[in-house]
Amino acid sequence: MATDPIQLDAAFEALAAYDWDRDAAPLATIDAAVVRTHGDAAQASDLERRFLTVVAGPSSRAAKEYACRKLSLVGTAAAVPALAALLADHDQSHMARFALERIPAAEAAEALRQALGTVDRELAVGVISSLANRRDAASVARLAELLGGDDDVAMAAAAALGRIGTAAAAEALAAARPRPGAATSAVLDARIACADALLASGDRTAARQIFAALEAALPARPQTHRERALRVAVTSGGLACLDDSVAP
Amino acid sequence: MPIRVPASRRGFLQGSLKGSIAASAAVAMPYVITSKALGDAVTPPASDRIVMGGVGLGNMGSGDQRAFLNRPEVQYVAVCDVRAKWRDDAKARVDEHYGSNDCAAAVDFRELLGRDDIDAVHIATPDHWHSIMTIAACRAGKDVYLQKPETFTLREGPLMIQAARRYGRVVSGGSQRVLEDYRGIVDPCWAGELGRITSIDIDPGASSMACYLPALATPSDIDWDLWLGPAPWEPYNPGRCDGNYGTAGNSWRSYVDYSGGSLTDWGAHNFGGTIFAAGLLDLQPARVVWHPASADGRTPAHATLVYPNGVEMHCNRPQQLRPAEPKASVSHERGITIRGDGSTASPRAVPAYAGSGGIYGDFLECVKTRQRPFRDLETGVNTMTAPHLLALARRLERSLEWDRGMQRFVGDEEANRLLDRARREPWAL
Chain P
153 MATDPIQLDA AFEALAAYDW DRDAAPLATI DAAVVRTHGD AAQASDLERR FLTVVAGPSS
213 RAAKEYACRK LSLVGTAAAV PALAALLADH DQSHMARFAL ERIPAAEAAE ALRQALGTVD
273 RELAVGVISS LANRRDAASV ARLAELLGGD DDVAMAAAAA LGRIGTAAAA EALAAARPRP
333 GAATSAVLDA RIACADALLA SGDRTAARQI FAALEAALPA RPQTHRERAL RVAVTSGGLA
393 CLDDSVAP
Chain Y
1373 MPIRVPASRR GFLQGSLKGS IAASAAVAMP YVITSKALGD AVTPPASDRI VMGGVGLGNM
1433 GSGDQRAFLN RPEVQYVAVC DVRAKWRDDA KARVDEHYGS NDCAAAVDFR ELLGRDDIDA
1493 VHIATPDHWH SIMTIAACRA GKDVYLQKPE TFTLREGPLM IQAARRYGRV VSGGSQRVLE
1553 DYRGIVDPCW AGELGRITSI DIDPGASSMA CYLPALATPS DIDWDLWLGP APWEPYNPGR
1613 CDGNYGTAGN SWRSYVDYSG GSLTDWGAHN FGGTIFAAGL LDLQPARVVW HPASADGRTP
1673 AHATLVYPNG VEMHCNRPQQ LRPAEPKASV SHERGITIRG DGSTASPRAV PAYAGSGGIY
1733 GDFLECVKTR QRPFRDLETG VNTMTAPHLL ALARRLERSL EWDRGMQRFV GDEEANRLLD
1793 RARREPWAL
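Residue numbers (the working numbering), protein chains in the order written: chain P, 153 to 400; chain Y, 1373 to 1801.
Take the hints with a grain of salt, since some may be wrong.
[Stated by the list, open to error] Under the rule of at most 20 Å between Cα atoms (straight-line distance), these lysine to any residue pairs were calculated in the SDA-like manner:
#: 1; chain 1: Y; residue 1: Lys1740; chain 2: P; residue 2: Asp355
#: 2; chain 1: Y; residue 1: Lys1457; chain 2: Y; residue 2: Asn1431
#: 3; chain 1: Y; residue 1: Lys1740; chain 2: Y; residue 2: Asn1431
#: 4; chain 1: Y; residue 1: Lys1463; chain 2: Y; residue 2: Asn1473
#: 5; chain 1: Y; residue 1: Lys1699; chain 2: Y; residue 2: Asn1609
#: 6; chain 1: Y; residue 1: Lys1463; chain 2: Y; residue 2: Gly1615
#: 7; chain 1: Y; residue 1: Lys1699; chain 2: Y; residue 2: Ala1717
#: 8; chain 1: Y; residue 1: Lys1740; chain 2: P; residue 2: Arg331
#: 9; chain 1: Y; residue 1: Lys1740; chain 2: P; residue 2: Glu379
No lab work stands behind these hints: they were computed from the structure.
This is chain P alone, in the form it adopts within the complex (with noise of 0.2 Å):
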């Protein structure tokens, strides 16, 4: 049953004023009409348009939460640029995440494949997650250079490209020059989420060799937790390959 259209006008011209304190009661038609947006194209376009408005006029910042919540559910390749525009502001990055995350467009990705070049270090960390909850290959290269980086941002890329996990990413952890502390403990951990990665896709081979090299390079004597679970993955891991039998 199609969302009665006045409703609805009605609905969003209460979103378009929304904020924490006004009643919130006007949204449900609209919670309701995106639910009946399946196998209606027409209608989820017509909505996504209508929260595309919302998003990029004046509306608060708690109805633009709205509308984004709502665009990770009916956006699509159309709703990118006025999403990517918000990726550099504080207050809404994470909820432009939140639907380009979602979009399963391609141009999604790559928006926040851009969004490298111009976020503020702390947006970075958060677009960077957004790229790894995708499993974005293409982004790879662009997460290589940033292990050299700044700590937070090189952290993050590390663990992206374990969540990645593919070949390329597991190259550039191998690549990655080593660093003091934190940076390169979320190396350790990525190489061996990749490993595990390639594990699981079959390649055996390229797996070993992680948890060989990663086996190499600890301390023969684990002396704290750290170091001991870090033995016991790359033992684990490395006896994994070895056996069919073994689960990965």
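The hints should help you fit chain Y onto chain P, whose structure is shown.
Showing chain Y alone in chain P's frame:
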């Protein structure tokens, strides 16, 4: 501080092949640092104690803390909470217990995970933090007792299991009710009295909802940014973050950014007990069938989870649609009925907790022996898949097919958008 390595574990720590195989087959050997205390007839010497800290010390977390604090094999050394009151009260409990002022108190969980003297942590934060903290703890080499529900989204489970297995950690879910509250249905099922299990009726609670509470001034005694963590930024309101057990508003358990609602909160117990009784622990549903409400409104909408072995789990099925109870059925007061075909089935012994002292003792025993605990993380993840699938079927109002191997929905891009959600920087899985 002197370091003492129990002789039975030296082989592993020296990287022997035998120890490595043992590690790959189970989990790593723990490493316990001595303290000054020598122990007595009741309390093990410090070298045998498990050094613990706690993260999230509100209603449930304080209960978990008391349970671990009262265990003679535990040396409790640190607490962490973003709220000053919970943090101060938790520290006071520890200091009173030991008659000292030594318990550390932190706001940020990473401080606890960074301490090498801590062997294990218990986590009882709101649900939206569970995966990040558990994975970080595993990588830090800590064993984890994690309050249910173990997962907040479908994507988290496999990543959490991967971390636990690869880093050789003991990770126990915290649903003590599964073994303790549901024996009325567990025992007959495991005894084979129902034969092959065929169908189940269960009445899960409501899903969580959006939070539209007004903005209020943030008090000085809560680190609001850290409380929110990976969740979207929203202004402070006490109803948003209250830890009461209600799920109809004014509690974090009510709201979609922090919890799955009663569906996953009490659902972790009800689904947990049901799935355990019915022998479905190793399985995840293959599909969820949505039954829309009847046109005349007399029959409300409901759903059926279908398992790969054919068991149908009817969720909130109206009474008028349920069969008259056959002889081969058992029921639980929490709205659960399990039916079988009445065939001859071999009885199986119901698993017991390891060690003594319920689920807490089970966790601690497994920390020592490196066995998988009764509520191993993987069983918790499998269990929680059921309410997560149900939540999405309710939200989308349609049937969904779940590919366990790929951990994705089949042919439903809209549902696949809902496998996870972007986390607020700097937090990531």
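So, going through the hints one by one against the coordinates:
1. Y:Lys1740 x P:Asp355: violated, 35 Å
2. Y:Lys1457 x Y:Asn1431: holds, 12 Å
3. Y:Lys1740 x Y:Asn1431: Status violated; Cα separation ~28 Å.
4. Y:Lys1463 x Y:Asn1473: holds, 8 Å
5. Y:Lys1699 x Y:Asn1609: Distance ~52 Å between Y:Lys1699 and Y:Asn1609 Cα, so the pair is violated.
6. Y:Lys1463 x Y:Gly1615: With Cα atoms ~19 Å apart, Y:Lys1463 and Y:Gly1615 stay inside 20 Å; holds.
7. Y:Lys1699 x Y:Ala1717: Within the cut-off at roughly 15 Å; holds.
8. Y:Lys1740 x P:Arg331: violated, 35 Å
9. Y:Lys1740 x P:Glu379: Holds, at about 19 Å.
Checked against the numbered hints above, the structure violates hints 1, 3, 5 and 8; every other hint is satisfied.
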